[in-house]
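Working from the sequences, and respecting the hints, build out all of it.
The sequence shown begins at 0 in numbering that gives the first Met the number 0 and counts up by one.
Derived from the structure by calculation, the hints contain no laboratory data. You can take every hint at face value.
Derived DSBU-like pairs: lysine-lysine, alpha-carbon spacing no greater than 30 angstroms straight-line: (1) 45 x 201; (2) 209 x 45; (3) 247 x 201; (4) 143 x 209; (5) 45 x 159; (6) 143 x 159; (7) 61 x 201; (8) 45 x 61; (9) 209 x 159; (10) 57 x 209; (11) 143 x 201; (12) 209 x 61; (13) 247 x 143; (14) 201 x 57; (15) 45 x 57; (16) 209 x 247.
Just so you know, these numbers come straight off a predicted model, no measurement behind them.
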Amino acid sequence: MEDEVLAAEEPLSARVPADLHGQRLDAAAAALFTDFSRSRLAEWIKAGRLQRNQSTAKPRDKVAVDDQLVLTPEAEDRVEWIPEDLPLDILHEDEHVIVLNKPAGLVVHPAAGHHSGTLVNGLLAHAPEMAALPRGGIVHRLDKDTSGIMLAARSPLAHKSLVAQLADRSVSRLYSAVCRGTFSGGGTIDEPIGRHPTSRIKMAVVPDGKPAVTHYRIAQRFGAHTQLDVSLESGRTHQIRVHLAARKHPLVGDSVYGGRATRPAGASERLLSTLTDFSRQALHARELTFLHPDSSESMHFAAPIPADLADLIHCLSQEDPV
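Listed below in structure tokens is the structure:
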């Protein structure tokens with residue numbers, strides 16, 4: 000979800016659009032509930048966790064336009080959710096919420112290949128009561144190699160409120176990004192995002208994807224690069240990375256969506272070395288604003304740009320001038 004908005008283990012609903020009319024239920028579900036794998040969805044359909052028009056259905060059943068699909072995801076297995084004493088950069092905490100600054104390289108949630116050493120493992124050691132909440136209190140997440148500010152719930156009241164605020168887009172998030180290429184000005188990218196048609200690790204702009212809107216404005220211009228301030232209306236997986244790559248402006252250091260690193264004409268050895276050595280996507284979640292779940296007070300927090308990204312920006316300002 001860079002900033003992916005997570006639903007709790009609560010029903011998710013979708014209405015079948017015209018372009019999916021006549022498709023099998025399992026195929027339509029894969030197109031509409033893109034946060035889950037086809038295999039996981041197939042298991043849930045067989046288990047009766049996906050209803051069509053308030054009735055269970057079989058994977059091969061055909062759907063019709065305006066059919067209402069309601070999916071109840073299965074709660075995740077928490078066997079591996081082991082509390083670990085990990086360093087946490089906490090910006091604010093109270094009995095309901097924790098706001099923290101996630102470093103690049105830290106996985107948010109335990110999953111296959113990352114059962115320990117994640118942000119959730121650290122949070123469960125710091126605040127054991129979060130173990131009783133869906134997803135350990137996590138209501139949105141950042142990619143492993145995206146740094147910056149995150150928000151987590153510590154109470155059922157907070158979890159319900161924050162999930163609702165994220166769903167109705169009342170949470171404001173601002174990112175700093177450095178991408179390849181130059182822009183004439185700010186703008187908006189309004190392109191649907193779904194799973195890549197051939198790559199299991201990538202998302203893509205696809206016609207039948209979920210709505211995704213990204214706003215950007217120029218923070219600083221360089222010769223062959225641009226620093227952007229980016230805000231989101233939605234929270235799709237890899238949204239900023241996918242949208243900018245689709246516009247031929249991939250993030251610096253993005254090995255998944257950036258392709259082979261380019262060599263700017265006339266680049267100095269220092270610039271080439273800096274670009275080559277920057278080993279993660281140049282993306283930082285800088286600011287976050289939300290309503291406190293208990294007091295309804297507007298809360299605003301900022302996470303300073305980390306040293307690696309600050310060094311990249313400084314180098315570009317000196318070695319890649321306009």
